[in-house]
Amino acid sequence: MTSPTRAARWGATIAPIALAVVVAVVLLLLAGANPLESFKLMGEGAFSGWTKTGITLMAWVPLVLAAAGLIITFNAGLWNIGIEGQIILGGIAASWAAREVGGPGWVVVPTVIVVGALGGMLWALLAGVLKTRFKVNEIFGGLGLDFVAASLAVYLVIGPWSRQGVASTSGTDLFRDEALLPTVSENNKLSLVAIALAIAAVIFVFYLMKGTLFGLRLKAVGRNARSAFLLGIPTTRYMLGAFALCGLLAGIAGAMQAIGFHFKLIPAISGGYGFLGILVVLLAAFRAAWIAPIALFFVVMSRGSTQLDLRLSVDSALGGVITGILVLLVIMGGGWQLRRRLKREAPA
Amino acid sequence: MSLLLEDIHKRFGAVHANDGVTIEVDEGTLHGLLGENGAGKSTLMKVLSGFIDRDSGRVLLDGQELDLSSPKTAIRAGVGMLHQDPLVFLPLSVVDNFLMGSPGNRILNRAEGAAELRKISEPFGFNFDPEAPARTLTVGERQQLEIVRLLWLGAKVLILDEPTTGISEIQRVDLFATLRKLAAQGMIVIFVSHKLEEVEELCQRVTVMRQGQVIGETDLPTPAERLVEMMFGQVLAASDRPQVEHGEDALVLDDVTLKEGNLMVPDLSLSIAKSEVIGLAGLEGSGQRTFLGGCTGLVSASSGTINIAARDMTKRHYRDFMRHGVHYLPAGRLEEGLVEGLSITEHFILAGDDKSFFVDWDAASTVSKRNIEHFSIKGFHDSPAESLSGGNQQRLLLAMMPPGLKLLLMEHPTRGLDIESADWVWTQILARREEGTAIVFASADLDELLRYSDRILVFFNGRILKEVDARSTTGEQLGYLIGGKEPE
Numbered sequence: 066m067t068s069p070t071r072a073a074r075w076g077a078t079i080a081p082i083a084l085a086v087v088v089a090v091v092l093l094l095l096a097g098a099n100p101l102e103s104f105k106l107m108g109e110g111a112f113s114g115w116t117k118t119g120i121t122l123m124a125w126v127p128l129v130l131a132a133a134g135l136i137i138t139f140n141a142g143l144w145n146i147g148i149e150g151q152i153i154l155g156g157i158a159a160s161w162a163a164r165e166v167g168g169p170g171w172v173v174v175p176t177v178i179v180v181g182a183l184g185g186m187l188w189a190l191l192a193g194v195l196k197t198r199f200k201v202n203e204i205f206g207g208l209g210l211d212f213v214a215a216s217l218a219v220y221l222v223i224g225p226w227s228r229q230g231v232a233s234t235s236g237t238d239l240f241r242d243e244a245l246l247p248t249v250s251e252n253n254k255l256s257l258v259a260i261a262l263a264i265a266a267v268i269f270v271f272y273l274m275k276g277t278l279f280g281l282r283l284k285a286v287g288r289n290a291r292s293a294f295l296l297g298i299p300t301t302r303y304m305l306g307a308f309a310l311c312g313l314l315a316g317i318a319g320a321m322q323a324i325g326f327h328f329k330l331i332p333a334i335s336g337g338y339g340f341l342g343i344l345v346v347l348l349a350a351f352r353a354a355w356i357a358p359i360a361l362f363f364v365v366m367s368r369g370s371t372q373l374d375l376r377l378s379v380d381s382a383l384g385g386v387i388t389g390i391l392v393l394l395v396i397m398g399g400g401w402q403l404r405r406r407l408k409r410e411a412p413a
Numbered sequence: 006m007s008l009l010l011e012d013i014h015k016r017f018g019a020v021h022a023n024d025g026v027t028i029e030v031d032e033g034t035l036h037g038l039l040g041e042n043g044a045g046k047s048t049l050m051k052v053l054s055g056f057i058d059r060d061s062g063r064v065l066l067d068g069q070e071l072d073l074s075s076p077k078t079a080i081r082a083g084v085g086m087l088h089q090d091p092l093v094f095l096p097l098s099v100v101d102n103f104l105m106g107s108p109g110n111r112i113l114n115r116a117e118g119a120a121e122l123r124k125i126s127e128p129f130g131f132n133f134d135p136e137a138p139a140r141t142l143t144v145g146e147r148q149q150l151e152i153v154r155l156l157w158l159g160a161k162v163l164i165l166d167e168p169t170t171g172i173s174e175i176q177r178v179d180l181f182a183t184l185r186k187l188a189a190q191g192m193i194v195i196f197v198s199h200k201l202e203e204v205e206e207l208c209q210r211v212t213v214m215r216q217g218q219v220i221g222e223t224d225l226p227t228p229a230e231r232l233v234e235m236m237f238g239q240v241l242a243a244s245d246r247p248q249v250e251h252g253e254d255a256l257v258l259d260d261v262t263l264k265e266g267n268l269m270v271p272d273l274s275l276s277i278a279k280s281e282v283i284g285l286a287g288l289e290g291s292g293q294r295t296f297l298g299g300c301t302g303l304v305s306a307s308s309g310t311i312n313i314a315a316r317d318m319t320k321r322h323y324r325d326f327m328r329h330g331v332h333y334l335p336a337g338r339l340e341e342g343l344v345e346g347l348s349i350t351e352h353f354i355l356a357g358d359d360k361s362f363f364v365d366w367d368a369a370s371t372v373s374k375r376n377i378e379h380f381s382i383k384g385f386h387d388s389p390a391e392s393l394s395g396g397n398q399q400r401l402l403l404a405m406m407p408p409g410l411k412l413l414l415m416e417h418p419t420r421g422l423d424i425e426s427a428d429w430v431w432t433q434i435l436a437r438r439e440e441g442t443a444i445v446f447a448s449a450d451l452d453e454l455l456r457y458s459d460r461i462l463v464f465f466n467g468r469i470l471k472e473v474d475a476r477s478t479t480g481e482q483l484g485y486l487i488g489g490k491e492p493e
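Read top to bottom, the protein sequences are chains A and B. To convert a position in the first sequence, counted from 1, into this note's numbering, add 65. To convert a position in the second sequence, counted from 1, into this note's numbering, add 5.
Rather than coming from a laboratory, the hints here were simulated on the basis of the structure. All values reported here derive from a predicted model rather than from experimental measurement. Every clue listed holds true.
Pairs of lysine-lysine, DSSO-like flavour, derived with a Cα cap of 27 Å:
{"id": "1", "chain 1": "B", "residue 1": "Lys-374", "chain 2": "A", "residue 2": "Lys-275"}
{"id": "2", "chain 1": "B", "residue 1": "Lys-360", "chain 2": "A", "residue 2": "Lys-275"}
{"id": "3", "chain 1": "B", "residue 1": "Lys-264", "chain 2": "A", "residue 2": "Lys-200"}
{"id": "4", "chain 1": "A", "residue 1": "Lys-275", "chain 2": "B", "residue 2": "Lys-383"}
{"id": "5", "chain 1": "B", "residue 1": "Lys-471", "chain 2": "B", "residue 2": "Lys-490"}
{"id": "6", "chain 1": "B", "residue 1": "Lys-124", "chain 2": "B", "residue 2": "Lys-161"}
{"id": "7", "chain 1": "B", "residue 1": "Lys-320", "chain 2": "A", "residue 2": "Lys-200"}
Construct all of the structure, not just a fragment, from the sequences and the given hints.
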């Protein structure tokens, strides 16, 4: 009796992935590239050699951090579109600390990360206060704050923090060595500190949602704020708490971008990992355990597709197209499953 | 011309909202459809106007079966519905609203539309400025606009769903005059209401529904008690239940005025003793819910003082009320009580008094299993709340109540439950009463009110019309009071 439903469940999980592969193959063929060769190149683009692997993993870190934060806000029923801005503010705050705080690396680096985290948290709380106090939907408030944050980054890069004598959007001066994350080797960006932070964030969010009263109450607020309120849960405080924690993780992501990837502040410091994080979490169906592998897949797709551009002159946007289609198909699969279930449960 | 609804069935999950409804209405009749909230009137009218699909049954106009698969086909077949909140687009102009539902994809001709609007409005004495934004119209005028629009679209049957809810007395009189005119022109007008008085005043014939079925049909005027009996059912004599000594005051309201939305419940002064059971009677929306909100801190008093067990709770927050032994169970079990997607165990954790940061899942599921057995909830410790039946949801909610309550407030504690579950619910509530908890409950079930209350407060139009002793009151008297009339 359970077998057909199990088959259906597996079908709904695998079918969209299979379909996405088919779509990818078709797109590659249309672009005049050999699909098999393309997939091989994408893998190579991401992982051939230590340096490339290091870059891929350092791109994975902020995406995982952002996705981990979004698990918290999604469970609280919040669409934290403002996460892009929170990452940017994290990057800006971290950059400020990296430029201003002196001393040896073991003092500066932790300070920079903490300041970045606070910057992201502050920006998230702003969206939270707009929602809870002024009834501004978090999607609109967040989107507005995203633009403000992005503009602030541009202003700082070409204005007060511009390089000596040049006002260019290519970024500020490189930070001092003491302010940068320690890397595994001279010409590899890979930093074990960053990897450890990403893994810690996943474990933290997993246990927060699974094993704590805070997580359970947050779920109650997200699923039915009215019932949660009547059960005596201070819903406003919990929503703000979710914003704060998500902003904290987003801020760390911004700090990682600043002192672990670009080594300076650039206007596009967020790397788009906030929006990408939303896709990761949707694909993971809001479960913390899944975000690490899914984020890796996304990063491989985006880093690998630059290789397609270089070697096969297929536009590198293709990676984005494929991941986007995959998310759409998975969500559609979920909706299809839900419809089927409702139909089954409806009385004849 | 006559309208025939034949053996209409509609189910929503386990609820049989329309259970074989057959109604016939003749040309030129003002026909009332009366029943308490949840009787199935709105469902029936939504079926008739194409908003929801029926499961089975036929609708015939003049012997012709009608296609009612959508509101669009329904109006084409001549059935138009005026909703409780008129379907008016506030930012658009009057004439744009008028033309909104016009068939075809023709380019709008506003001048023609304005002329048509004037032509149809004139006989009724309606006066619209076609260019004025609909926002500037009163609710009564929006209804007029909607009626004119439906007439223009060719409505032969006009359904009005609780049309007097948001309008003033003067507007109501105007509306009734319009409806009489329409009926005089040969139209079928179906007036849906739970207000006895209005149906008596306006209609020539009335159908009474209860629990999804037609209970009876009669020409008007008819004695009100007959309608009350049809609406609420035969009321049995109050059973003799053990007398419990009432203690000191559990709740004291002194000159309290409550305001919620546009409903005002003014000048409440009363005290309720420990172990006392107070029933709140009245038609839905007469102020009972606001009253309960006021006693839990959900609705803040704009004046007066509220004392719970000799502690001043005026202007205090809901959670302060909770901390001081007040518990509230609203009517919507899945909307305002339980959380969809969370398991029984998770509900017990949320309601429990263990506030430690880490959840001890083993201990929690042990507690949960014990409660499931003790409260005989049909479900497993990991069953999500929405998978439980209504009766078991109510059992879960009662099982989640903390011990030692001073005041327990409930809305429709047994609505939709079978007799066994309803009895079980009351056994639990009365056990609380023995512990000294004061009970206040709102109900639409006269039998329940008379059987379990010590005193009954009858609400009418946002006021306590009368306070009666449940022991010396009959169902008939209570029915009169609910309808806003003092029994002779």
